[in-house]
Structures are given as structure tokens and as C-alpha cells.
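Residue strings, one per chain:
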Amino acid sequence: MKFSYYPGCTLKNHAKNFEDSTLFSLAHLGLEIEELPRWNCCGTVASLAADDLIHQLAPIRNLIRVKEAETTQVVTACSMCFNTLKRANERVRANPTELAQMNDFMYDEETPYEGDVDVYHVLDLVRDKVGFKDVAAKVVNPLGGLKVANYYGCTLVRPKQVAIDDTENPVVLENLVSALGGSPVEFPLKTECCASYRTVDSPNIVADKTYQIINSARSLGAEIIAVSCPLCAFNLDQRQEATLKYHPDFIGLPIVYFSQLMAIAFGCEEKTLQFGLHHFPPKPVLTGKGLI
Amino acid sequence: MHLDKSVRITRDKETLGFVAKVERISGQNLKACYQCGKCSAGCPMAAYMDVLPNQIIRLAQFGFEEELVKSESIWTCVSCLTCNNRCPKGVKIAEVIEAVRQIVLRTRKDHMDVEKLPLGTLRNIPPIALIGSMRKFTS
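Residue numbers (the numbering used here), protein chains in the order written: chain A, 215 to 506; chain B, 2 to 140.
No lab work stands behind these hints: they were computed from the structure. Keep in mind the model is a prediction, meaning the values are calculated, not measured. Hints may contain errors.
As a list, the in silico BS3-like pairs of lysine-lysine whose alpha-carbon atoms are at most 27 Å apart [to be verified]:
(1) A:Lys-352 - A:Lys-374
(2) A:Lys-230 - A:Lys-343
(3) A:Lys-281 - A:Lys-361
(4) B:Lys-117 - A:Lys-226
(5) A:Lys-216 - A:Lys-226
(6) A:Lys-459 - A:Lys-485
(7) A:Lys-347 - A:Lys-361
(8) A:Lys-374 - B:Lys-90
(9) A:Lys-374 - B:Lys-117
(10) A:Lys-459 - B:Lys-32
(11) A:Lys-374 - B:Lys-32
(12) A:Lys-459 - B:Lys-93
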């Protein structure tokens, strides 16, 4: 079964560590994926206006690209891309009139969109197409009980129509970490918002959220936090510098993508992990456990 | 000194027009809200808001346009959708806030001037954050 791969903008630069570790891990799991030869911005944040279809065009055009690549399934690692693509898809599936209007507007497209592409997150594939039992069987470098707090943020679990798991208490990342040989740490802020794009104009708000989220995970014994969104990663990792400025008692924790933990457990080379892109170095805790 | 804190609720054409516009853009029935406050209780950004999410809905129900379009809260909300997920009446509060934002933005009153962002910010911020803020703050 072949899946089209939609990377999104940030996985090609600031989150190259996310992309490289995801591609390595999916290949190790035997999933056949191929990057779309042409793709555009997903829209980043889903438009919530009922009367505004123009902002739904960007994600739908990407789904047309998937059809042109002769697949019916697209997978993305970035949770914000996943959210905008899947929400636009669910919206047009439920509203044939809107879909017809959008196809009319996109008269330059040779392929009309008919709601016939399925949108998946990497975690959907790992859980539902591979299964955690098979994931565990493919582990060559178990995580040695590494205590991982799993941070979902918003876009993997809200709104309910596109959530990959329970909206208030998702467990897919915890189950993955267990399958990889780590010890998931339950913490109450795993679906709390990190203040998202306000990092541009109000890093002080992001600093407060980062302080709360990381402190919560730390106080429950986490050694590392796993994320699935490049914006959460930026806010929780790169903004630790600002967090320390606003909260001098802040200690911090390393932030990694869940895919980096998969890649480590699947025996990747260190260059796949691209630790140079991290602010808080994850290497000491990982070498301490003998993982790299 | 006596301060008049009374609130005048009107049903004039302008007020009703604003209520209808918010309902149309948000796709929500504002009257469904019975002010339980669950949205504000769970809002991760409430600490930074001048008008709380349940208060935004109350103001929208009665057409308080000026109080809404001038509030800081409409820009504080990042559409994390915690409120929508927990509302016992199924009101999509984030959509109502988006509607008020849209009412401002559709008159070309941007909340952010991208050209005035410091160079350091533009260099360091990932595209996902920049585009996200431009989508929410500019027309």
C-alpha cells in the first residue's frame, strides 16, 4: 500500500530533524511513502469562518496533487498540516455544494476533487497500519526505560472530527513510547496549548506556557518531552531561553520529536537526528542511557 | 463620585445586524449559550484576556460591537479549540471569536504589521509560526 507524503514548509528547514527521523522510521517499518512531486502551503491554521471558502482551497489543492500522484492516501508528520488538510477534507465531504463551488473556482485544475483522498498522521499509520506489536518487534535499540512525557498540544486532538485519539486523554504516543522500550510519564498538560503563533508577537505568553508545561512534566519525573508539531517544538525548546528570562527558577528539559525516539529505537545513525537544530541538547540524557 | 455602570441593551437595526453577522460568519446560534463558564474555565489563554470567552459570547448575544472589536481577547485567542471541545451546548466559541476577528480584518484593519517585525524575529521564527500569525492578524 503506497502513501503520498506531504511534508509541509517547516519540515524542510527548522524541523529537518522531524522529517529525516520520520522518513527513516517509516522505511524501517516497511511503509512505502513517496513525497508529492508538487505541493503548496496547507494554510497552516484552519479557517474557522463559515462563509469563507477561499481559505479552504490551499489544503484541497494538495489533495488534488495526491490524486495526480495516483494514490488515495496522504500522510503528514506535522500535526498542524494534518489538522488543516483533514479538516478541509472532512468539510468538503460533508458539504457537496461547497465542494462543487470550490471545484468551479479551481477551473485551472485538470483533476476535480471529489472527497476521495484519506488524510493520515504518521501516528495513525504506526498505530493502525503497522500496530504496536509489530513496532516493538522492529526495535533494535530499546529506549531503556527513558522517561518520556508525551505532549500532544492542540492539533492532533482537536476538533473531535479529526482527532487521532481521545480528545482529553489521548494515549497513542504513550503506547508508542512503551512499544519502543521507554516509560511514558502521564502529565496533566499533555493537551494544553503552547500559545502557538503568539511566539511571533508575544514570546512572554509562550514563556509562561512553556514554564507551566515543562515544569509539570519535570515534576512527574520526565527526562525528556516528545512532541509532534514543529511549532510546539519551537515554543517548548527554542523559547526555553525566553522562559528562563521571565522565570529565573526554570530548569528546562530536552524536547524531541516522537519520530526521533522511533529512529533511535530503530537504530538510526546520529546524523538522522540532527541534534544541531535543538536548543536544549537532548544528547546528554540519551548518551546517559546508552541510547546513542 | 457616582459612576453609572448600567448597561443598555438595545434592539435597534445596527445591533441586530451585528448579531446576525457574527452568527453568519461563525455559523453558530449564539442564543444556545447559557453562560456556564466552562469555556473560560479551561481556556489556556484566559489569564491574558481582557474579556473572557463566556463574556465574549454574552456580548455577542446582545450585539455589543464596540466592546468586542476593541477587545484584546479576540487577538489573544489562538483557536486551540479547548472551549469548543468542552462546551455542553455545542457552541463553537472559537468560531465566534474568529467571526469578530474577521469583522475587523475585513475592513482592512490589520492587527500586525509584518514589515515592522524585527529582523531577528523574521530570521529565527519557523515559517509555521509566521504564516499562522499572518493568517490570524492580517487581512
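Practice task
Could you work out which earlier hints the structure fails to respect and list their numbers in ascending sequence?
Solution key: 1, 3, 6, 9, 10, 12
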